[in-house]
Amino acid sequence: MRRAKLQIEEGIAIDMTPIIDIIFQLLIFLMCVTEITKTENDQRLVLPYASKATPETEPTERVVINVFPKGKSGMLLYSLMLDTGARDASVTVEGNALTWGDLQKYLEIRGRSAKKTSGGVGVGNRELVDLPVKIRGHRTCPFQYVQFAMIYCIDMSYWKISFGTFNIDDFHLPAVTEDYGDQMNAGDLWNPPELNKLFQ
Amino acid sequence: MARRAKVHEEEGIALDMTPMIDCIFLLIVFFITAGKFKRAESRLDAYLPKDIGIDQRAEPDPDKFFISVFCRTGATNPRDVIWLVNNQELFKRSDLVNKLKEIATSSGTGKKIKVSIDGDANVCFFWVISALDAAAEAGLIEIVLAPPRIPVSQWPKPLPKNIPLAKQ
Numbered sequence: 000m001r002r003a004k005l006q007i008e009e010g011i012a013i014d015m016t017p018i019i020d021i022i023f024q025l026l027i028f029l030m031c032v033t034e035i036t037k038t039e040n041d042q043r044l045v046l047p048y049a050s051k052a053t054p055e056t057e058p059t060e061r062v063v064i065n066v067f068p069k070g071k072s073g074m075l076l077y078s079l080m081l082d083t084g085a086r087d088a089s090v091t092v093e094g095n096a097l098t099w100g101d102l103q104k105y106l107e108i109r110g111r112s113a114k115k116t117s118g119g120v121g122v123g124n125r126e127l128v129d130l131p132v133k134i135r136g137h138r139t140c141p142f143q144y145v146q147f148a149m150i151y152c153i154d155m156s157y158w159k160i161s162f163g164t165f166n167i168d169d170f171h172l173p174a175v176t177e178d179y180g181d182q183m184n185a186g187d188l189w190n191p192p193e194l195n196k197l198f199q
Numbered sequence: 000m001a002r003r004a005k006v007h008e009e010e011g012i013a014l015d016m017t018p019m020i021d022c023i024f025l026l027i028v029f030f031i032t033a034g035k036f037k038r039a040e041s042r043l044d045a046y047l048p049k050d051i052g053i054d055q056r057a058e059p060d061p062d063k064f065f066i067s068v069f070c071r072t073g074a075t076n077p078r079d080v081i082w083l084v085n086n087q088e089l090f091k092r093s094d095l096v097n098k099l100k101e102i103a104t105s106s107g108t109g110k111k112i113k114v115s116i117d118g119d120a121n122v123c124f125f126w127v128i129s130a131l132d133a134a135a136e137a138g139l140i141e142i143v144l145a146p147p148r149i150p151v152s153q154w155p156k157p158l159p160k161n162i163p164l165a166k167q
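As given, the protein sequences belong to chains H and S, one line each in that order.
Everything in the first sequence is counted per numbering that gives the first Met the number 0, starting at 0 for the first residue and increasing by one.
Everything in the second sequence is counted per numbering that gives the first Met the number 0, starting at 0 for the first residue and increasing by one.
Hints were generated in silico from the structure; no laboratory data involved.
All C-beta atoms in this analysis are idealised placements derived from N, C-alpha and C, irrespective of residue type, glycine included.
Mixed in with the good hints there might be a few duds.
[What the hints assert, rightly or not] Covered, in the sense of this in silico footprint (three residues per stretch, anywhere, with C-beta under 8 Å from a C-beta of chain H), are these stretches of chain S:
1. 23-32
2. 39-46
3. 97-105
4. 119-125
5. 140-149
Sequences and hints are given; from them, build the entire structure.
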């Protein structure tokens with residue numbers, strides 16, 4: 000009788016160890032995969048599609064330049080609506096917005112310690128920087144702003160350029176809905192006629 | 000007394016796990032809601048000319064066959080594009096790929112084919128990448144981006160230091 004009373008006082012013992020293990024696993028997984036700090040790849044950018052692009056591997060040392068179009072009021076244009084009134088672009092590197100002059104300085108500083116090869120006669124035989132540069136341009140960004148980013152790369156003797164793209168296979172996924180990739184302005188998606196034209 | 004002490008020993012020290020589990024759940028909810036998963040990306044390589052294009056002294060390389068692709072905004076719709084391959088207008092990406100293949104095969108052997116890609120200042124970057132992608136699909140590897148045609152007066156300030164600027 001005494002033993003039975005003791006058991007009632009103790010209640011049913013639930014072993015919490017497995018649930019805590021699983022929760023910790025989840026926590027560690029989420030901490031590893033989510034992006035807390037601003038990294039070099041700005042996730043707000045909607046990149047163009049390409050079918051023959053090389054899959055991105057683990058990044059080696061490189062410079063990543065994000066190029067956004069900027070509207071008349073100076074606001075960044077994340078939407079996929081083409082704003083023909085885009086007056087300028089905003090360039091971000093490692094999460095920091097840079098002016099064109101700052102970009103020039105940044106490339107100069109990064110290039111100092113990088114490996115170099117000799118350049119051609121056209122550049123006065125100056126050394127070229129072998130550090131790769133990845134330019135991530137927004138899909139609707141007027142080309143001139145990407146060209147400006149390229150001008151500063153040429154200026155600072157960088158020549159290994161690549162462009163960031165999304166995989167074309169993503170477009171065919173059934174999960175791709177009208178507001179895919181554009182949370183700011185779902186209605187302004189790059190509309191199907193243009194995409195149909197691309198995939199003809 | 001001895002019986003009560005034995006019972007305590009069996010039970011061990013009771014740790015209240017509730018606050019810790021609460022905190023962990025809160026952290027998980029935070030990460031799930033605030034986190035954004037990275038999208039898989041690819042890259043298209045295109046090297047800038049080692050000899051800067053603005054240089055006036057550069058002689059055309061006789062061992063190379065150049066194909067010029069120019070992306071222009073559509074006449075009626077600025078979202079549209081016209082690709083010009085050696086001044087021939089093309090409206091579909093598939094036509095662009097076929098044209099590039101055709102030129103590459105008819106150019107004869109022994110010459111390296113070099114594709115130069117250029118674009119209107121206001122053409123969407125999307126279409127320039129499409130041209131680059133089409134060149135890659137046509138099997139052309141050596142792709143170079145042409146220097147900008149935008150007048151130097153419209154370039155961002157400060158002007159580049161190391162580029163020999165052409166006189167306007």
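The hints, checked one at a time:
1. 23-32: holds (count 6)
2. 39-46: holds (count 8)
3. 97-105: Violated, because only 0 residues of the segment 97-105 of chain S bring their Cβ atoms closer than 8 Å to Cβ atoms of chain H.
4. 119-125: holds (count 7)
5. 140-149: holds (count 4)
In the structure shown, a violation is registered for the earlier hint numbered 3 alone.
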